[in-house]
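Asker: Respectively, the protein sequence lines represent chains A and B.
Adding 2 to a residue's 1-based position in the first sequence gives its number in our numbering.
Adding 373 to a residue's 1-based position in the second sequence gives its number in our numbering.
Bear in mind the hints are in silico, worked out from the structure with no lab data behind them.
Check before you lean on any hint, since a few could be wrong.
Stated by the list, open to error - In silico BS3-like cross-links for lysine-lysine, where the CA-CA straight-line distance does not exceed 25 Å: (1) K389(B) - K701(B); (2) K695(B) - K375(B); (3) K120(A) - K695(B); (4) K499(B) - K75(A); (5) K499(B) - K120(A).
Said to hold, decoys possible - On the chain B side, residues computed to face chain A include the following (Cβ under 10 Å): (6) V550; (7) L551; (8) N566; (9) A580; (10) A583.
As the list claims (entries may be wrong) - Output of the computed footprint for chain B on chain A, the stretches with three or more beta carbons under 8 Å from beta carbons of chain B: (11) 66-79; (12) 104-115; (13) 216-226.
Using N, Cα and C, we set each Cβ at its ideal position, and we do this for glycine too.
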Amino acid sequence: MTQSFLEIKGLNKNFGGLRAVNDIGFTMGRDQIIGLIGPNGAGKTTLLRLITGILKPDAGSVRFKGKEIVGRKTWNIVNMGIACTFQNMRPFRRLPIIANVMVSCMCPRALKRGEWVKRLEAKAMDALEFAGISDMAREQASTLSQGDLKRLEVARAVATEPELLLLDEPFGGLSPAETDLMAKSIKRLHKGGRFGRLHSEGPAMIIVEHKLHWLMKIVDRIIVLNFGTVIADGTPEEIINNPQVIEAYLGQGGK
Amino acid sequence: MKVILFYIKKLFTISKNEVLVLPSRVVVVLFFLFLLLLPVFTKDDYILRIFTLTGIFALLAASWDLLSGFTGQLNFGHALFFGVGAYGAALINLHAKIPPWGSIPLGALAAVLAGLIVGIPSLRLKGTYLALTTLSFPIILIGLIFAFPGFTGGELGISGISKLTQSRVADYYVVSVLLLGLCTIMWKITDSNIGIIFHAIREDEVAVRASGINTTRYKLLAFCLSGFFAGISGGLYAHFMRIAGPSTLEVSLSFQVVIWAIFGGIVTIYGPIGAVFLLFPLLELLRFWQDYRTLMFACVVLFILLYMPDGLFRWLRDKIEKECPRCKIRNVSTRDTCRVCTASLD
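Produce the complete structure using the sequences and hints provided.
Answerer: As structure tokens, this is what we get:
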């Protein structure tokens with residue numbers, strides 16, 4: 003029997019009385035890009051944080067390449083090959099941008115995979131190049147605009163050379179033209195290959211996003227969450243015609 | 374002969390192109406020269422003694438900056454490392470009869486152990502809670518010292534330790550050379566890749582974890598490094614004063630370190646050192662007005678912190694130097710264009 007790449011079973015998380023994630027379960031393959039959508043407060047970000055171990059689930063299991071990762075430390079999970087970005091960007095504000103990425107380049111996984119890279123700065127620079135902000139490498143991160151911070155988040159995640167990339171609103175705060183560029187780079191990243199000294203495994207991805215127009219172009223499968231549960235799961239065409247999804251987004255009774 | 378000439382030429386070029394262009398670097402070189410040449414000009418025991426103690430406390434303040442400034446682990450009980458270093462060196466010297474060159478590093482290792490003991494329970498704590506927890510550790514140790522007076526000397530402390538060296542000038546040289554060497558090492562650490570991780574942990578620990586860095590390891594490393602340097606200064610203090618008493622663990626010493634570091638500017642290493650070299654002799658100078666000594670000291674510190682919240686030495690550095698907006702290299706503020714990329718400095 004082939005083991006699935008990522009297998010989530012019965013995941014639960016309560017915040018006080020609020021059930022943020024309620025019995026979510028799905029599996030994904032090695033080469034999939036999943037779009038995770040849902041109204042605000044549906045538990046999308048919470049789900050990503052449960053996978054990366056920033057939050058601890060109350061119940062359930064997450065298996066990555068056959069290994070249980072619930073209960074492991076965040077850095078161990080990242081070093082197994084799951085990288086994530088934050089929705090509310092969390093750069094190291096008083097450090098130069100290149101130093102932000104160098105921190106990721108210093109994690110054991112990135113060091114092992116880039117043994118032939120003699121200078122971390124060079125690799126960090128290539129990650130910035132990939133995200134399109136290499137021209138500001140020496141600026142402090144606090145001077146960046148929202149859109150550039152998003153790119154910095156992506157550069158930081160990519161620098162750990164992940165096999166599963168969890169992107170939390172990668173298009174948030176980007177203009178339409180920038181969104182096009184970002185969507186293209188995500189596709190390029192998914193194809194895999196080398197970006198200078200940076201190596202891409204062609205990671206599987208879970209993308210949380212509200213800009214459905216662009217999301218539909220990238221992903222090949224969409225999971226819709228509402229009130230912490232999966233209400234639909236299928237290809238983009240199936241999702242846009244699903245009455246439950248329309249109800250969750252627009253409400254009932256609209257004719 | 375040619376080789377020597379080559380190196381002299383190289384030294385000359387470096388000093389011309391790298392050192393003389395920036396006033397802050399010139400000041401650092403002058404500071405090195407001042408420390409190393411002071412005994413040539415004065416052999417006065419009192420002055421040498423003041424500067425020896427200044428050097429010891431400068432090392433302590435710099436080690437606080439390494440832990441609390443760079444890594445952001447606010448430590449209000451830094452006297453613990455100092456006291457453990459002092460007591461460790463004193464006990465090892467007294468009972469095992471190991472001379473100072475052996476007992477000081479061993480005392481410092483004891484302080485590293487203390488760093489681990491403080492570090493492990495406070496890994497999950499942040500900010501004020503961490504500060505309060507660390508504040509309690511030296512108080513606990515004082516309690517233990519009073520509880521076992523037979524071994525630790527109780528309130529009187531441990532006396533009869535061997536001298537650091539045989540003469541005051543040699544004492545001074547041991548301390549100042551160690552100060553310069555160890556502070557250069559500290560500065561190198563903070564300037565390296567490890568230093569970047571320390572900075573990042575201060576900024577946002579969760580984001581560092583999400584970058585795949587084992588933050589526990591690096592936080593403990595910061596505690597141990599800081600404990601090591603503070604322990605060395607404690608051992609030097611014990612051997613210089615020839616007594617290791619409970620005063621090395623006092624809360625006031627812990628706060629003194631914080632005041633020095635913030636006065637000079639945290640996250641700099643050079644800031645706390647400069648601050649101690651200003652404030653400690655100043656406190657001695659104010660002995661001429663014995664009654665108002667502490668009051669005037671407090672006024673000076675408050676005045677500086679009111680008008681230069683980033684610390685005195687950072688403020689000074691920003692006054693005499695400015696950063697090139699294009700290539701981020703520092704220039705003298707009198708220049709109009711950057712010395713490297715010739716961009717105009719606004």
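Asker: Taking each numbered hint in turn, which are not upheld by the structure, reported in ascending numerical order?
Answerer: Checked against the structure, the hints that fail are numbers 2, 3, 5, 6, 7, 13, while the rest are satisfied.
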